[in-house]
Amino acid sequence: MASTRGDMKGFFRQRKKSGGIAKPSAKPKGKVSSSSSKKSSPNHSVTFGSDIAQPPAFVSHGSVNLNDYYDENEEVLRQFDMNMVYGPCLGMSRLARWERANSMGLDPPEDVERLLKGAKASSECLWDGRV
Amino acid sequence: MGAMEVDSENLLQRKQSLYQTSDELFEIQKEMYRGQQYSQIYFARLHLLRTLLYSLIPTWKPHLPVCTVLELEKGKECVVVGTIYKHMKLKPSVLDEYSKKRSATPLVKPHNFMHPDDQLVLEDESGRVKLRGTALLPSVYVTGIVVALHGKETDAGDFLVEDILDAGLPPQIELPLKSGEDKYVVFVSGLSVGSSSSNPLQFQLLVDHITGHLGDEKEQSIAAQIVQVVIAGNSVEVPHGLLNGQNLASKDQSRLSEPIKELDILLTQIAASIPLDIMPGHNDPSNFSLPQQPLHRCLFPGSSAYNTFRSCTNPHLFELDNVRFLGTSGQNIDDLEKYSEAKDKLEFMERTLKWRHLAPTAPNTLGCYPFTDRDPFFVESCPHVYFVGNQDNY
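Order-wise, the sequence lines are chains A and B.
If you read the first sequence in UniProt numbering, its first letter stands for residue 1, the second for the next number, and so on.
If you read the second sequence in UniProt numbering, its first letter stands for residue 1, the second for the next number, and so on.
These are calculated hints, taken from the structure and not from any lab test.
Mixed in with the good hints there might be a few duds.
To be verified - Okay, the calculated bits of chain A under chain B, using three or more residues with CB under 8 angstroms as the criterion:
| id | stretch |
| --- | --- |
| 1 | 80–93 |
| 2 | 98–105 |
To be verified - In silico lysine-lysine, DSSO-like type, Cα no more than 30 angstroms apart, as pairs:
| id | chain 1 | residue 1 | chain 2 | residue 2 |
| --- | --- | --- | --- | --- |
| 3 | B | 338 | B | 354 |
| 4 | A | 120 | B | 30 |
| 5 | B | 15 | B | 354 |
| 6 | B | 130 | B | 343 |
| 7 | B | 89 | B | 338 |
| 8 | A | 117 | B | 30 |
As the list claims (entries may be wrong) - Only some residues are given here: those of chain B computed to face chain A with a beta carbon under 7 angstroms:
| id | residue |
| --- | --- |
| 9 | 34 |
| 10 | 43 |
| 11 | 125 |
| 12 | 373 |
Just so it is clear, CB atoms sit at the ideal spot from N, CA and C, and this is done for glycine as well.
With the rest of the complex left out, here is chain B (with noise of 0.2 angstroms):
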């Protein structure tokens, strides 16, 4: 890069926006583990939708009564709310290693765990009951989402479902009156750095990009639009074969933390310049369960000495000029891909804000940490601007 010209009289200005975060939703700093049980996060979960439902339901089915499943009565009409369970052949479960017969699960992980024969059952606090009717597709549905049925039960005592009401889509704040100007927001995942297939060139190329140091006047001025870059996860690929439970030497810890501080090099560049927001993802040095705790300060000894660097949890509520903006590093939506189907990402993020709940499937098959007295993936109001990372294709 040679030394650009700077033509005093054209000096770009970058764009600014007003941001605020509400991650202290995800933070769970202030959480005391007490041994309990992920019955209670189900609990607040189920108590939580299960209120919105109940004031949705009058204006959908006005005439019909509704029930707990354990009121359900034969041949009667009615609506039942409470939470759906999957019951799928194929899941994988610990307890397969210890049965006796050799089942026909194979021992490679298919990509999908859907099953012809996979069951819906519908759960509260007083029973469970399970879904018949073709106006359920199981391929749809996954472990975890609340919803109302319409039906009747079955003389088999099975519950016969007509008709389904989802949460909806949460209420969305009116966007803000526009300004007249543009500003944009860069979206980068899975740089993946420190892994074979991660080139640094063209990390570089984006890091010019972004901070104006690339093209002419025309691209320069593209560049200074720019207000705010996130990370959404997966920013370094750790050498996993030097972890494998024996004692690492020294020149071998040094390996382990090569791509975190390559990766603070070029977070630099970007945080002097710019706002810069990172999210933990599935590969980075955070905690397994969601909502994965932000990146420590210590592992950015150079961008966090700014302060447009931030580390933010997973997944990620901020606000730009009041434009609400909700997204994770992408293990909500792969969890959902692995349980059932969608024609593509984008109508499983559909089906995530219509079920009013970011992830779903946790804690069943996703990670979580187990909250008694709130469930933090709630959607309470539509974001202007949904986000998932690290995903096939854009």
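Same shape as in the complex, but just chain A (with noise of 0.2 angstroms):
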């Protein structure tokens, strides 16, 4: 896994601000990456941007991401939406259903909060709009 990161990362099309589509280096590597890449196409988006090892219950995040820029913020609200213990994400903005969750007295994390009301995270839950 550790080897081909390299190569994805290489062949994987980078942020316009720092380059080219493919730097010359990765050139020869591409054919090989093209391949591996078919196979595993949903990694890209979850590899892309962080170097941390992944957990595992990234892998299921099949959709492909649309916004080149993921982060660990959206990672932590990710897995908020995903907790069924606050009950179900579609429909209601993040923010909505912490407040919700919080009113019945599940004691959701305060760092959600503090994302959603500070930085620019998405108000919007992970399936908004794509189901």
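With the hints as a guide, bring the two chains together.
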């Protein structure tokens, strides 16, 4: 996994400000990674932008990430969306769902509230517009 | 009606009561629909009732563990809490229109959709499990009730039920000490003004009796003890034949609004002398799904001029002199009757109180607004008077 990650990083479309599509050094590896990418394309969105080892739960997010930017804040919020203890996430904004969980005494994590009220995190749930 | 002689020495005063309404619970003006589905209201209901049941289980079965549906193990006796779902063969489904095989379901809607093969299933966020055993009668229960079940998982993967716990009757605030004088509330429903079966003379008789224009002094003194009139739904019957999707001719338009005008005239007479609450019913010009919103004031130009006239939601929750009244125009009980059985309507009403929920079949078979953070049909505290309108007999 560690070696192919390096390939994917080089093969995968970089952010515009950091350069072109594929760096010259990645070209010979490009063929290898293109075949492997067909088998494991969902993982592109997962590993992009972060070097930390991904928890196993990540692999189940099969949808292709249309936004290039997807960081650990979004990850925390997605885990909040997926947690069944706080009820279904579809059809509610994340903050409304957090407020509901709070008023029901379910003790939702505080850093989720901080992220939703402060940082430029998506206010809608993971599946919004996709289901 | 001739002019009545007013004996100024014995001028009767109508009694009065302090009125407080709690209808904000059922109003949906502030709600905004954001594309949510009914899973949200089911979650709110499950959470609310489950918290309640968890507090009751230690006194009911103190030695048994409580687990979720996914945590069930074969042979392990435990208590599980969840929402009941009743799988009914005869329940009409919109998909039946598209099924290739013409099944045995009759085209004519039966009055009751029960069948001996109906099965109950228990569901919570983690999963669902089929319920077996003779302790739980499918004919009594309907989809949407939250209960605690004591039993164990069988080899077949079903849950064999040994005992059931409902949420039970809600606590009742103690009745205020009797002040010594009797006061009466009049409940009326199904007036159906504008229908072929309604008789304006009968309605006029009622109005005269309530307002004290009938009878001798004794009768009038009884009428003076009436403090409130509640009209529980189905006050008008709009001629449906006109509503066939085509543009209405101007004479048809006036025919459409005739019943409401007639009703307003009569309600003005009542409102002039006594506080009046009017609730919408199934046939009234209000929204279809529960909770029905109050009928608009512009429908009653005459009556709404009086501050005694109040247009209320369905269900309606209010207090008179601290005596709590709760009731509906009948849709919840009628729906229970279609999907379960009981010896009479009062038994259905008793069950809704024991389950602590006014309309458990909403939103499954009864239209309901998709609330996200609350379930307004949860009965918080037991009413002193529980009423249901538009039933067959008293």
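Now for the hints, and whether the structure bears them out:
With a threshold of 8 angstroms between beta carbons, the proposed coverage of the stretch 80–93 of chain A by chain B holds, since 8 of its residues qualify and at least three are required. For the stretch 98–105 of chain A, the stated coverage by chain B holds: 5 residues have a C-beta nearer than 8 angstroms to a C-beta of that chain, and at least 3 were required. Restraint check for residue 338(B) and residue 354(B): the C-alpha separation of about 19 angstroms stays at or below 30 angstroms, so the hint holds. Between the alpha carbons of residue 120(A) and residue 30(B) the distance comes to roughly 27 angstroms, so the proposed pair stays at or under 30 angstroms and holds.
The straight-line distance between the Cα atoms of residue 15(B) and residue 354(B) is roughly 34 angstroms, outside the 30 angstroms bound, and the hint therefore fails. Between residue 130(B) and residue 343(B), the direct Cα distance comes to roughly 27 angstroms. Compliance with the 30 angstroms bound is thereby established for this hinted pair. Note on residue 89(B) and residue 338(B): the hinted pairing holds, with a Cα-Cα distance of about 13 angstroms set against a maximum of 30 angstroms. Distance check on the hinted pair: residue 117(A) and residue 30(B) sit about 22 angstroms apart at the alpha-carbon level, within 30 angstroms; holds.
With a cut of 7 angstroms, the hint placing residue 34(B) at the interface with chain A holds, because the nearest CB-to-CB distance is about 6 angstroms. Given hint, residue 43(B) at the interface with chain A, holds; its Cβ is 4 angstroms from that chain's nearest Cβ, closer than 7 angstroms. With its C-beta approaching chain A no nearer than about 5 angstroms, residue 125(B) sits inside the 7 angstroms limit, and its interface hint holds. Restraint check, residue 373(B) versus chain A: the minimum CB separation of about 4 angstroms is within 7 angstroms; hint holds.
The structure fails to meet hint 5 from the earlier list, while all remaining hints are met.
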